[in-house]
Amino acid sequence: MTTTKQLTINPPEYKKAISEEKDLYIQFHHLSPEVDILIHKIFHRYLEKYDLMYLKEAVLNIIKELTNNAIKANIKRIFFKLSELNIHNSEEYRKGMESFKFQTFQSENSEEYFDKLDHSNLVVRISLKATDNHVHIN
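For the record, in the sequence shown the residue sitting at position 104 is 100 according to my numbering, with numbers rising by one throughout.
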């Protein structure tokens, strides 16, 4: 397993794992340029292996959309915790959502949420499992 401050990849030799059809995952807090490049490389290898390169743009767009949604969900959890609101209480959830977008993405304090995300145990994990003729992405 290779771990940096921003990223974990297991196994670290992802090229070998792909060619040997071994399970692989990457885990990160936010979508940094380093993570984005690695996602492109990994999916390029998988799609090339299965002769599916024509799907590359579509697959990468879907992965990025799901990844961004997961990151937003993690930031939302941090926001609710810092705001001392119960994310599972519908009234408190509605109240929190009224200011969530502005507080976390548009205010001058937005960096605080990303810093807290980097130091939290909330991560995004993309898991890949290859078989003879399928790649399962979780």
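Hints were generated in silico from the structure; no laboratory data involved.
Just so you know, even glycine gets a beta-carbon here, dropped at the ideal spot from N, CA and C.
One thing to keep in mind: the hints can contain errors.
What the hints assert, rightly or not - Derived DSSO-like pairs: lysine-lysine, alpha-carbon spacing no greater than 27 Å straight-line:
#1 K72 / K91
#2 K11 / K37
#3 K18 / K52
#4 K125 / K68
#5 K60 / K12
#6 K68 / K91
#7 K68 / K45
#8 K112 / K60
#9 K60 / K11
#10 K60 / K37
#11 K52 / K77
#12 K52 / K37
#13 K37 / K125
Stated by the list, open to error - FRET-style restraints, in silico, Cβ to Cβ:
#14 E94 / K11: 25 to 35 Å
#15 P29 / N117: 29 to 39 Å
#16 P29 / H115: 18 to 28 Å
#17 E94 / E30: 17 to 27 Å
#18 L78 / E16: 38 to 48 Å
- Which numbered hints turn out to be false for this structure? 7, 11, 14, 15 and 17
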